[in-house]
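Peer 1: Sequence:
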Amino acid sequence: MLVEVLIKEHFKVYVDKEKGYIKGKCKYCQKEYAADTKKNGTSVLNYHVKLCRKIPGNEDKTQSRLSLQPLGDGESMGMLSTWKFDQAAIRKSLERMIIVDELPFKFVESEGFIEFMHDACPRFKFPSRWTVSRDCFQLYMDERLKLKHYLKKNDQRISITTDTWTSIQQINYMCITTHFIDRDWKLHNYVKKICPISSHKGTAIANGKYLHTRCIAHIINLIVQDGLKDLDPAIRWVREAVKYIRSSPARLKKFKECADSVKVECKSTLCLDVCTRWNFTYLMLSVAGKYENTFEIFELEYLYFEVEVDANSKDSVD
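Residue numbering for the sequence shown follows our numbering, beginning at 3 and increasing consecutively.
Think of the hints as simulated: they come from the structure by calculation, not from any bench. Just so you know, even glycine gets a beta-carbon here, dropped at the ideal spot from N, CA and C. Don't take every hint at face value.
No more than 20 Å apart at the CA atoms, straight line, and that leaves these computed lysine to aspartate or glutamate pairs for DMTMM-like [claimed, not checked]:
| # | residue 1 | residue 2 |
| --- | --- | --- |
| 1 | K245 | E310 |
| 2 | K255 | E294 |
| 3 | K245 | E294 |
| 4 | K255 | D184 |
| 5 | K256 | E308 |
| 6 | K292 | E308 |
| 7 | K41 | D18 |
| 8 | K19 | E34 |
| 9 | K154 | D184 |
| 10 | K155 | D186 |
| 11 | K155 | E145 |
| 12 | K127 | E111 |
| 13 | K195 | D137 |
| 14 | K194 | D157 |
| 15 | K231 | D312 |
| 16 | K154 | D144 |
| 17 | K194 | E145 |
| 18 | K265 | E294 |
| 19 | K258 | D234 |
| 20 | K231 | E242 |
Pair ranges (Cβ atoms, derived) [said to hold, decoys possible]:
| # | residue 1 | residue 2 | range |
| --- | --- | --- | --- |
| 21 | Y142 | F118 | 22 to 28 Å |
| 22 | I116 | Q227 | 21 to 27 Å |
| 23 | H190 | C217 | 18 to 24 Å |
| 24 | K258 | Y142 | 44 to 50 Å |
| 25 | M143 | C268 | 47 to 53 Å |
| 26 | R146 | V226 | 52 to 58 Å |
| 27 | K258 | Y152 | 54 to 60 Å |
| 28 | I170 | K231 | 43 to 49 Å |
| 29 | D262 | L141 | 48 to 54 Å |
| 30 | L224 | F87 | 53 to 59 Å |
| 31 | D186 | E301 | 58 to 64 Å |
Make the full structure from the sequences, and use the hints.
Peer 2: Structure below.
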């Protein structure tokens, strides 16, 4: 019923006296179509109503739009430029977002993203997760080819580094990265290749006898750990105190109640350090220092707190 009302609104229906057909003439572009709804249906007329550019309110999909493009980082205003819907360009931008933000491929099928895109760009056709996977790999191959051409045309010296790790699927990988400084003295880092290897142990990388550069984070950690030896007893005590509180949900809940009683403004929770990361030791001490008064009240609630922490900190030395 609604379709017939729309047809009468946009078409002038009449009978062709020569052929005896019922026809409808568009009131805006004067195109004629068969309009006998019983014989011909209404799909053709309805389709014309959606696409006719001369009907008021209809959008010309080939017409460019005006939009403000930012001039640079931090600029609130920009220059006026045209914008035109481009399915391929939006898909490529989506692929880059997936890669840069390290999002899973199934993100494109998530309810929130689909709802957002329906509001932001209704004409965008959603690719499946498998299509996005193939597109991301093709984008990687294209960028890799561009890098090869760039390195061939330039004469900069290139530094090549490798790194190995094991994924959560227990697959060993090696990454080859190129580093170089261009003629404008800008440092570039590009991943040349990521490939699976049999093992990330010394036998697979020739025991590092050809070239081995220590990780800067590892070197910093060794320096910091050496400097913390003088403070080792105090750090061990804090570590065991945090471990004692976090090992029991009841203790952790009581510790939070003690923190509320002294009105501690810190919202961070107690955290343990990791021996291979010096900044985690700093974070543990930094957060624990903000709860200094809370530890004193907690000690009154748990009489064996200090005894067990002292015993465990001494056992860790032995």
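Peer 1: Verify the proposed pairing of K255 with E294, using a straight-line Cα cut of 20 Å.
Peer 2: Holds - the C-alpha atoms of E294 and K255 are around 17 Å apart, at most 20 Å.
Peer 1: Could you say whether the range 47 to 53 Å given as a hint is met by the Cβ separation of M143 and C268?
Peer 2: holds (49 Å)
Peer 1: Under the criterion that the straight-line Cα-Cα distance not exceed 20 Å, is the pair K195, D137 satisfied?
Peer 2: holds (17 Å)
Peer 1: Assess, step by step, whether the Cα of K256 is no farther than 20 Å from the Cα of E308, and give holds or violated.
Peer 2: With Cα atoms ~16 Å apart, K256 and E308 stay inside 20 Å; holds.
Peer 1: Regarding the pair K41 and D18, is the alpha-carbon distance no greater than 20 Å?
Peer 2: holds (15 Å)
Peer 1: Straight-line Cα separation of K245 and E310 no greater than 20 Å?
Peer 2: holds (11 Å)
Peer 1: So the hint says 43 to 49 Å: do the beta-carbon atoms of I170 and K231 match that?
Peer 2: violated (35 Å)
Peer 1: Quick check: does the Cβ-Cβ distance between D186 and E301 fall within 58 to 64 Å?
Peer 2: Holds: the Cβ-Cβ distance is about 60 Å, inside 58 to 64 Å.
Peer 1: What's the verdict on K154 and D144, does the C-alpha distance respect the 20 Å limit or exceed it?
Peer 2: holds (16 Å)
Peer 1: Check the hint pairing K231 with D312 against an upper bound of 20 Å on the C-alpha distance.
Peer 2: holds (18 Å)
Peer 1: Holds or violated: are the alpha carbons of K231 and E242 at most 20 Å from each other?
Peer 2: holds (17 Å)
Peer 1: So if I understand the rule, the pair passes when the alpha-carbon distance is 20 Å or less; does K194 with E145 pass?
Peer 2: This hinted pair holds, its Cα atoms lying about 10 Å apart.
When the structure is compared with the earlier hints, violations turn up for hints 4, 19, 22, 26, 28 and for no others.
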